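Enquirer: Chain by chain, the residues:
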Amino acid sequence: MAGDELFKQEVLRLAGQEVLTCIQCGTCSASCPTAHLMNPSIRKLIKLCLEGKKEEALHNVTLWLCTSCLLCTVRCPRGIRPKAVVSALKDIAEREGQRSKDADYEQFFLKQIKDYGRIAELALTGEFLLVFPQGAVQSMQMGLELLPKGKIGLEIEKIKGRDEVKRIIEELREK
Amino acid sequence: MKLAYYPGCVSKSTGKEMEASTRAVCAALGIELEELDDWNCCGATHVSNELVATGLAARNMAQTDLEIMTACSICYSNLRAAAQRLEETEILEKVNAILDRKYSGAKIRHALDVILESLAENDERIVVPLKELKVAPYYGCLLTRPAGLYSPEFPTILEKLIKRLQAEPIDFRLKTFCCGGPIFMPQEKAADDIAFKILSEAKKAGAEVIVTVCPLCHLMLDAKQKVLEQKRGEKIGIPVLYVTQLVGIALGLGPEELGLEMNSVSPMAMVERVYERMA
Numbered sequence: 001m002a003g004d005e006l007f008k009q010e011v012l013r014l015a016g017q018e019v020l021t022c023i024q025c026g027t028c029s030a031s032c033p034t035a036h037l038m039n040p041s042i043r044k045l046i047k048l049c050l051e052g053k054k055e056e057a058l059h060n061v062t063l064w065l066c067t068s069c070l071l072c073t074v075r076c077p078r079g080i081r082p083k084a085v086v087s088a089l090k091d092i093a094e095r096e097g098q099r100s101k102d103a104d105y106e107q108f109f110l111k112q113i114k115d116y117g118r119i120a121e122l123a124l125t126g127e128f129l130l131v132f133p134q135g136a137v138q139s140m141q142m143g144l145e146l147l148p149k150g151k152i153g154l155e156i157e158k159i160k161g162r163d164e165v166k167r168i169i170e171e172l173r174e175k
Numbered sequence: 001m002k003l004a005y006y007p008g009c010v011s012k013s014t015g016k017e018m019e020a021s022t023r024a025v026c027a028a029l030g031i032e033l034e035e036l037d038d039w040n041c042c043g044a045t046h047v048s049n050e051l052v053a054t055g056l057a058a059r060n061m062a063q064t065d066l067e068i069m070t071a072c073s074i075c076y077s078n079l080r081a082a083a084q085r086l087e088e089t090e091i092l093e094k095v096n097a098i099l100d101r102k103y104s105g106a107k108i109r110h111a112l113d114v115i116l117e118s119l120a121e122n123d124e125r126i127v128v129p130l131k132e133l134k135v136a137p138y139y140g141c142l143l144t145r146p147a148g149l150y151s152p153e154f155p156t157i158l159e160k161l162i163k164r165l166q167a168e169p170i171d172f173r174l175k176t177f178c179c180g181g182p183i184f185m186p187q188e189k190a191a192d193d194i195a196f197k198i199l200s201e202a203k204k205a206g207a208e209v210i211v212t213v214c215p216l217c218h219l220m221l222d223a224k225q226k227v228l229e230q231k232r233g234e235k236i237g238i239p240v241l242y243v244t245q246l247v248g249i250a251l252g253l254g255p256e257e258l259g260l261e262m263n264s265v266s267p268m269a270m271v272e273r274v275y276e277r278m279a
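Respectively, the protein sequence lines represent chains A and B.
Under my numbering, the final residue of the first sequence carries the number 175; numbering is consecutive throughout.
Under my numbering, the final residue of the second sequence carries the number 279; numbering is consecutive throughout.
For the record, the hints were derived by calculation from the structure and aren't laboratory data.
Bear in mind that the values here come from a model prediction, so they are computed numbers and not experimental data.
Some hints here could point you the wrong way.
Pairs of lysine to any residue, SDA-like flavour, derived with a Cα cap of 20 angstroms [said to hold, decoys possible]: (1) A/Lys-111 / B/Lys-12; (2) B/Lys-16 / A/Ala-123; (3) B/Lys-94 / A/Gly-16; (4) A/Lys-166 / B/Lys-226; (5) B/Lys-102 / A/Arg-167; (6) A/Lys-158 / B/Glu-35; (7) A/Lys-166 / B/Ile-98; (8) B/Lys-204 / B/Ile-238; (9) B/Lys-16 / A/Glu-121; (10) A/Lys-111 / B/Ile-238; (11) B/Lys-197 / A/Lys-175; (12) A/Lys-175 / B/Leu-99; (13) A/Lys-114 / B/Lys-197; (14) B/Lys-16 / A/Gly-16; (15) A/Lys-114 / B/Asn-96; (16) A/Lys-166 / B/Lys-102; (17) B/Lys-231 / A/Leu-144; (18) A/Lys-166 / B/Asn-96; (19) B/Lys-12 / A/Ile-156; (20) B/Lys-231 / A/Ala-123; (21) A/Lys-149 / B/Phe-154; (22) B/Lys-189 / A/Ser-100; (23) B/Lys-226 / A/Ala-136; (24) A/Lys-101 / B/His-46; (25) A/Lys-160 / B/Lys-226; (26) A/Lys-166 / B/Asp-38; (27) A/Lys-175 / B/Lys-12; (28) B/Lys-189 / A/Thr-125; (29) A/Lys-166 / B/Lys-189.
Model the full assembly from the supplied sequences, consistent with the hints where possible.
Expert: Here it is in structure tokens:
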């Protein structure tokens with residue numbers, strides 16, 4: 001079956017045309033701190049994109065295990081930015097309305113920036129726990145550690161330029 | 001010297017000691033900081049659309065004509081990466097079409113670099129030399145990536161600063177290995193695995209303290225240390241300081257000014273050792 005050419009072109013538009021030059025050497029996978037948990041590997045993920053295998057490229061745990069450490073990106077011998085490929089796939093997944101705890105977390109994060117201009121960690125955590133209650137144990141542990149130290153911001157700070165920030169998020173995404 | 005200062009969102013929450021120590025150390029070194037007007041979140045590692053991330057950074061950078069300093073490596077990396085992308089006319093035009101104050105170039109600096117530059121060798125303001133203190137220089141990822149000022153694989157600026165404080169940087173193999181922080185909420189186990197690896201390696205290498213340049217690295221290694229110890233059944237017990245806290249101790253600043261009581265693993269025993277060795 002022929003691959004999804006539109007999907008491939010969208011990935012290339014977002015992550016750079018140089019992705020076409022991938023030689024499948026696997027330096028990205030070998031550099032990745034979470035490679036042992038990924039499936040497909042980051043190398044394979046790039047191959048899926050180039051083959052236009054949209055479903056497989058968009059629905060996997062790999063996207064959400066990327067820590068954005070950029071080690072793949074500084075090491076790629078072809079000057080490809082594998083992390084940018086992951087970001088492109090997340091961007092496409094988000095626009096297509098993909099739902100998962102990981103995708104939701106990114107959405108909540110972006111929504112906070114849109115609504116307030118800054119991140120209020122407590123509110124962000126609260127919203128996330130509603131979709132992923134299993135995260136409550138870790139959040140409690142962190143809360144018990146941080147609250148007595150005064151390191152949980154209890155107030156939501158809103159900046160003045162919220163309209164401008166909202167425009168940045170909504171309008172630049174379409175370009 | 002006067003710089004614009006971008007505190008970043010964590011300065012109001014989990015990174016309060018980063019914020020306090022940055023301001024205290026800069027004041028002690030005569031570096032004047034002017035907080036960026038109405039700054040917004042840089043997007044951290046959670047904004048997948050690069051143009052949006054660039055726009056968010058550009059709005060911050062357009063608020064000043066001064067060089068911009070931040071103590072957070074994530075903010076630093078995002079602003080730097082955006083400034084690089086904005087060198088392309090097409091991107092600049094798209095972004096400036098949206099912004100109220102237009103972007104026209106910026107120079108971004110990390111507090112680490114600003115502090116090192118203002119501290120001379122044998123600087124007389126180092127009143128508490130950190131003699132014999134074994135420090136693990138932990139860079140994490142985003143101070144040095146995307147590539148630019150420092151080697152993204154083997155940077156040495158932290159070691160240089162540690163030596164200037166008369167402490168001993170240890171050979172720390174995982175110094176540029178990711179802490180897992182960006183995915184710790186939705187992917188707890190994966191993040192815990194790699195954070196514990198770093199702590200365990202620091203212990204093996206004989207570190208008395210780990211120094212960080214990023215609030216997320218700090219959260220993973222300090223605030224989570226106790227929980228990670230319990231999960232893995234291995235005691236670590238190594239304090240984790242922001243680089244600004246370590247410098248502040250050497251400058252003779254007090255625990256309160258440096259927010260030392262806000263660290264999860266108390267650094268006070270280490271601080272006492274430093275004072276004993278000096279005597």
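Enquirer: Confirm or reject each hint.
Expert: Do the hints match the structure? See the list:
In summary, the hint linking A/Lys-111 to B/Lys-12 is supported, as the alpha carbons are separated by about 19 angstroms, within the 20 angstroms threshold. Only pairs whose Cα atoms come within 20 angstroms are accepted, and B/Lys-16 paired with A/Ala-123 is accepted, the gap being roughly 18 angstroms. A C-alpha spacing of about 17 angstroms is found between B/Lys-94 and A/Gly-16, which places the hinted pair at or below 20 angstroms, so the restraint holds. In summary, the hint linking A/Lys-166 to B/Lys-226 is not supported, as the alpha carbons are separated by about 39 angstroms, beyond the 20 angstroms threshold.
For a cut-off of 20 angstroms, the pair hint linking B/Lys-102 to A/Arg-167 stands: about 14 angstroms separates their Cα positions. A hinted pair counts as satisfied when its Cα atoms are at most 20 angstroms apart, and A/Lys-158 with B/Glu-35 qualifies at roughly 16 angstroms. Taking the CA atoms of A/Lys-166 and B/Ile-98, the gap is near 10 angstroms; set against the 20 angstroms cutoff, the hint holds. Restraint check for B/Lys-204 and B/Ile-238: the C-alpha separation of about 11 angstroms stays at or below 20 angstroms, so the hint holds.
For the hint linking B/Lys-16 to A/Glu-121, the alpha-carbon distance of about 13 angstroms falls within 20 angstroms, and the restraint holds. Between A/Lys-111 and B/Ile-238 the CA atoms are separated by roughly 37 angstroms; this puts the pair beyond 20 angstroms, and the hint is violated. Note on B/Lys-197 and A/Lys-175: the hinted pairing is violated, with a Cα-Cα distance of about 41 angstroms set against a maximum of 20 angstroms. Only pairs whose Cα atoms come within 20 angstroms are accepted, and A/Lys-175 paired with B/Leu-99 is accepted, the gap being roughly 15 angstroms.
Note on A/Lys-114 and B/Lys-197: the hinted pairing is violated, with a Cα-Cα distance of about 36 angstroms set against a maximum of 20 angstroms. At roughly 38 angstroms between alpha-carbon atoms, B/Lys-16 and A/Gly-16 are farther apart than 20 angstroms, so this suggested pair is violated. Distance hint between A/Lys-114 and B/Asn-96 is fulfilled; the C-alpha atoms sit about 18 angstroms from each other, no more than 20 angstroms. Between A/Lys-166 and B/Lys-102, the direct Cα distance comes to roughly 16 angstroms. Compliance with the 20 angstroms bound is thereby established for this hinted pair.
Our distance criterion of 20 angstroms between C-alpha atoms is met by B/Lys-231 and A/Leu-144, whose separation comes to about 16 angstroms. With a C-alpha separation of about 15 angstroms, the suggested pairing of A/Lys-166 with B/Asn-96 holds against the 20 angstroms cut-off. Using a Cα cut-off of 20 angstroms, the hinted pair B/Lys-12 and A/Ile-156 holds, with the two alpha carbons roughly 10 angstroms apart. Taken as a hint, the B/Lys-231 and A/Ala-123 pair is broken in the structure, with Cα atoms around 27 angstroms apart against an allowance of 20 angstroms.
As the CA atoms of A/Lys-149 and B/Phe-154 are separated by approximately 34 angstroms, the hinted pair breaks the 20 angstroms bound. For the hint pairing B/Lys-189 with A/Ser-100, the CA-to-CA distance comes to about 17 angstroms; that is within 20 angstroms, so the pair holds. Our distance criterion of 20 angstroms between C-alpha atoms is met by B/Lys-226 and A/Ala-136, whose separation comes to about 17 angstroms. Using a Cα cut-off of 20 angstroms, the hinted pair A/Lys-101 and B/His-46 holds, with the two alpha carbons roughly 14 angstroms apart.
Taken as a hint, the A/Lys-160 and B/Lys-226 pair is broken in the structure, with Cα atoms around 39 angstroms apart against an allowance of 20 angstroms. The suggested pairing of A/Lys-166 with B/Asp-38 holds, with an alpha-carbon distance near 14 angstroms, which does not exceed 20 angstroms. For the given pair, A/Lys-175 sits about 33 angstroms from B/Lys-12 by alpha-carbon distance, which is inconsistent with the 20 angstroms threshold. Restraint check: the Cα-Cα separation between B/Lys-189 and A/Thr-125 comes to about 17 angstroms, which is no more than 20 angstroms; the hinted pair holds.
Proximity of A/Lys-166 to B/Lys-189 is assessed by CA-CA distance (about 34 angstroms); at most 20 angstroms being required, the pair is judged violated.
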